[in-house]
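Heads up: the protein sequence lines correspond to chains A and B, in order. With positions in the first sequence counted from 1, the corresponding number in our numbering is that position plus 56. With positions in the second sequence counted from 1, the corresponding number in our numbering is that position plus 56.
Some hints could be false.
A pair counts as met if it fits within one copy or between any two copies, since identical chains are not told apart.
Unchecked claim - Subject to a maximum C-alpha distance of 30 Å in a straight line, what follows is the list of computed BS3-like cross-link-like pairs (lysine-lysine):
hint	residue 1	residue 2
1	286	312
2	75	312
3	312	296
4	286	254
5	251	285
6	296	75
7	251	286
8	251	196
9	286	75
10	75	251
11	285	196
12	254	196
13	196	75
14	285	254
15	312	251
16	285	312
17	285	75
18	75	254
19	296	254
By construction, these hints were calculated from the structure, which means they are not laboratory data. Since this is a predicted model, take the numbers as computed values, not measurements.
There are 2 protein chains.
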Amino acid sequence: MAEQSTYPQTGENKVNRYKHQATYDVDTIHGIVNTTPVLHVSFVPDPSIPAPIVLPMIGQIGLYPNDSTWNCYLHGYVSSRLMNLASAAISRGEPGLPLCVAATKVDGFVLSLTPNSHNYNYRSAVMHGFASIVEDVDEKIWAMRLITNSVVPERYENTRVPPDGAEMQSTRILKMRITGASGKVREGVPEDERKDLKRDDVLDSVWTGVIPVYEKLGEPVPGPYNRVKKVPDHVVRFVKEENAIRETYASDAARKPAPLKRVKRTEE
Amino acid sequence: MAEQSTYPQTGENKVNRYKHQATYDVDTIHGIVNTTPVLHVSFVPDPSIPAPIVLPMIGQIGLYPNDSTWNCYLHGYVSSRLMNLASAAISRGEPGLPLCVAATKVDGFVLSLTPNSHNYNYRSAVMHGFASIVEDVDEKIWAMRLITNSVVPERYENTRVPPDGAEMQSTRILKMRITGASGKVREGVPEDERKDLKRDDVLDSVWTGVIPVYEKLGEPVPGPYNRVKKVPDHVVRFVKEENAIRETYASDAARKPAPLKRVKRTEE
Numbered sequence: 057m058a059e060q061s062t063y064p065q066t067g068e069n070k071v072n073r074y075k076h077q078a079t080y081d082v083d084t085i086h087g088i089v090n091t092t093p094v095l096h097v098s099f100v101p102d103p104s105i106p107a108p109i110v111l112p113m114i115g116q117i118g119l120y121p122n123d124s125t126w127n128c129y130l131h132g133y134v135s136s137r138l139m140n141l142a143s144a145a146i147s148r149g150e151p152g153l154p155l156c157v158a159a160t161k162v163d164g165f166v167l168s169l170t171p172n173s174h175n176y177n178y179r180s181a182v183m184h185g186f187a188s189i190v191e192d193v194d195e196k197i198w199a200m201r202l203i204t205n206s207v208v209p210e211r212y213e214n215t216r217v218p219p220d221g222a223e224m225q226s227t228r229i230l231k232m233r234i235t236g237a238s239g240k241v242r243e244g245v246p247e248d249e250r251k252d253l254k255r256d257d258v259l260d261s262v263w264t265g266v267i268p269v270y271e272k273l274g275e276p277v278p279g280p281y282n283r284v285k286k287v288p289d290h291v292v293r294f295v296k297e298e299n300a301i302r303e304t305y306a307s308d309a310a311r312k313p314a315p316l317k318r319v320k321r322t323e324e
Numbered sequence: 057m058a059e060q061s062t063y064p065q066t067g068e069n070k071v072n073r074y075k076h077q078a079t080y081d082v083d084t085i086h087g088i089v090n091t092t093p094v095l096h097v098s099f100v101p102d103p104s105i106p107a108p109i110v111l112p113m114i115g116q117i118g119l120y121p122n123d124s125t126w127n128c129y130l131h132g133y134v135s136s137r138l139m140n141l142a143s144a145a146i147s148r149g150e151p152g153l154p155l156c157v158a159a160t161k162v163d164g165f166v167l168s169l170t171p172n173s174h175n176y177n178y179r180s181a182v183m184h185g186f187a188s189i190v191e192d193v194d195e196k197i198w199a200m201r202l203i204t205n206s207v208v209p210e211r212y213e214n215t216r217v218p219p220d221g222a223e224m225q226s227t228r229i230l231k232m233r234i235t236g237a238s239g240k241v242r243e244g245v246p247e248d249e250r251k252d253l254k255r256d257d258v259l260d261s262v263w264t265g266v267i268p269v270y271e272k273l274g275e276p277v278p279g280p281y282n283r284v285k286k287v288p289d290h291v292v293r294f295v296k297e298e299n300a301i302r303e304t305y306a307s308d309a310a311r312k313p314a315p316l317k318r319v320k321r322t323e324e
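Produce the complete structure using the sequences and hints provided.
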C-alpha cells in the first residue's frame with residue numbers, strides 16, 4: 057500500500073505504555089484511519105498559549121498520483137481559523153500547521169474480574185504532521201472524490217459531479233504531510249491478575265467475557281425529494297458487506313487469545 | 057443535571073460555522089460526552105513548540121459529592137507524560153494542564169445529490185479546561201466506579217471490589233475543570249441546493265436518503281476462565297436496552313426534517 061512498511065519510532069510517536077499492543081506498520085495504521093468515519097484533529101490556535109483545540113473532521117490517507125508520499129486529507133467542518141492558521145504557517149515559510157490526528161475504533165467491551173483489568177478491544181492510530189491547504193484544482197477534486205467515496209464507495213460517481221465553481225470555492229481541504237505515526241490494537245478475551253484467578257469466591261461470582269461492539273449500518277431511508285425508487289447497488293452492497301465485515305471482526309476479536317501472558321506483563 | 061443550564065459563549069468555544077447546529081446546553085453536552093465510549097483528549101507536551109498530541113481516553117463528567125461543579129474525569133491509557141505535565145503545571149501554581157476534550161457520535165450517513173451537500177447525522181461536543189491528578193482516595197474510588205459503570209451500568213458492583221493497594225497506586229485519574237464547552241447536533245433528511253433540486257436529470261438519477269449508523273452491541277461472549285453460567289442481568293439488560301435506544305435514535309434521526317431551510321443558510 058505505501059512506499060515504506062513501517063513508520064520510524066521517534067520520541068514523538070513512540071508508544072511507551074502497553075508496548076506489546078503498539079504497531080508502526082504503515083498498512084495497519086492507514087487501514088485504521090481510512091475506516092474511521094470521524095478523525096479527531098488537534099492544533100494550537102495561538103502559539104503563545106499552550107492550549108490545543110481538538111475538532112472532529114472527515115479524512116483519508118491517500119497517494120495523489122503526482123506525489124511520492126501518502127498524505128492525510130482532511131475535510132468537513134473545517135473552521136476558518138484552522139485554514140487561516142495553515143495559510144499563515146505556509147506564508148511564514150514553515151512546513152505547515154502542526155497537527156495531530158487520531159482515529160479510534162471500539163471493537164468490544166472486555167469485562168474482567170476487577171474494574172482495573174477491564175478493557176476495550178480497540179484499534180487506534182495517532183499521526184503527527186504539518187498541514188497546508190490544497191490549492192491545486194485537480195488535487196482538490198481528487199481529494200473530494202477520495203473523501204466522498206470513503207463514506208460510501210462509488211458514491212462520488214453516483215452523484216451530480218463535477219463540483220461547480222461555487223462548490224470548488226466553498227470547499228477547502230487540508231493536506232497533512234505525515235511525519236510520524238503509531239497505532240495500537242487490543243483484541244482478545246479478558247485477562248486478569250493471577251491473584252484474582254486463584255480466588256474461587258471471585259471466579260464463582262463475577263461473569264467475565266466480551267461484549268462485541270461495532271458500528272452498524274441500518275436500512276437506508278429514502279429522503280423526501282428522492283425519486284429513485286430502488287436503493288442503488290453501491291449503497292445496498294456497501295451496507296451488506298460492511299455489516300458482515302464489522303460484525304465478524306468484533307465477534308472474532310472477542311474470542312481471540314488474550315494479547316499477552318501474565319508473565320510478560322510483569323516485565324513492563 | 058447541572059448547576060447551570062448553558063455554557064457561556066466565549067471566544068474559546070463559540071461555534072462560528074453551522075451556527076444553527078450549535079448548542080451550549082449543559083445537559084446536551086454532558087449527555088454526548090457521557091455516552092461516548094472514547095473521548096479524544098489533546099494537550100501540548102512542550103509549551104515551547106505549538107504542536108499538540110491527541111490521545112483516546114475513557115472519561116465521564118460527574119459531580120463529586122464534595123464539589124460544587126461538574127468535572128470531567130479521564131482514565132485509560134493515560135501516558136506518564138500526560139500525568140507528569142499535569143503535576144508540573146499544578147506545582148508551578150497554574151490551574152492545571154490545559155486540555156481540550158472532544159466526543160463525537162456518528163448517527164447516519166446523509167447521501168444527497170452532490171458530494172458537497174453530503175453530511176453526517178452526528179452529535180459532537182468539545183470541552184476546554186485544566187486538568188489535575190485526583191489524589192484524594194475517596195474521590196479516586198468514586199471516579200473509578202463512575203468510569204467503570206459508564207461502560208456497563210452496575211458493572212463496578214458486580215466485580216471484585218474495592219481495588220486493593222496496588223491497584224489504587226497503579227490507577228491514575230485526571231480531573232478536568234471545565235472552563236468552556238460547546239456541542240453540535242445534526243439530524244434529519246438530506247438537504248440540497250435549490251439549483252440541484254430544480255434539475256430533473258439529477259433528481260431522476262441520484263438516490264438521496266440516509267443510512268442510519270449506530271454502535272451495536274453484540275451477544276456477550278463468555279471468556280476462557282468464566283465460571284458463571286448465566287450472563288448476568290446487568291449485562292443482558294444493558295445490551296438489550298442500549299441496542300433499542302441506539303437503533304431508534306439513528307432511525308428517527310434519518311427521518312426528521314432537515315435542520316434548516318435553504319433561505320436560512322444563505323443568511324450565514
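Results of checking the hints against the structure:
no.: 1; hint: 286 with 312; verdict: between (40 Å within a copy, 21 Å between copies)
no.: 2; hint: 75 with 312; verdict: within (19 Å within a copy, 46 Å between copies)
no.: 3; hint: 312 with 296; verdict: both (25 Å within a copy, 24 Å between copies)
no.: 4; hint: 286 with 254; verdict: between (59 Å within a copy, 21 Å between copies)
no.: 5; hint: 251 with 285; verdict: between (61 Å within a copy, 22 Å between copies)
no.: 6; hint: 296 with 75; verdict: neither (36 Å within a copy, 35 Å between copies)
no.: 7; hint: 251 with 286; verdict: between (59 Å within a copy, 24 Å between copies)
no.: 8; hint: 251 with 196; verdict: between (57 Å within a copy, 22 Å between copies)
no.: 9; hint: 286 with 75; verdict: neither (49 Å within a copy, 35 Å between copies)
no.: 10; hint: 75 with 251; verdict: within (23 Å within a copy, 54 Å between copies)
no.: 11; hint: 285 with 196; verdict: neither (32 Å within a copy, 56 Å between copies)
no.: 12; hint: 254 with 196; verdict: between (60 Å within a copy, 27 Å between copies)
no.: 13; hint: 196 with 75; verdict: between (38 Å within a copy, 26 Å between copies)
no.: 14; hint: 285 with 254; verdict: between (62 Å within a copy, 19 Å between copies)
no.: 15; hint: 312 with 251; verdict: within (23 Å within a copy, 53 Å between copies)
no.: 16; hint: 285 with 312; verdict: between (43 Å within a copy, 20 Å between copies)
no.: 17; hint: 285 with 75; verdict: neither (52 Å within a copy, 34 Å between copies)
no.: 18; hint: 75 with 254; verdict: within (27 Å within a copy, 57 Å between copies)
no.: 19; hint: 296 with 254; verdict: neither (45 Å within a copy, 32 Å between copies)
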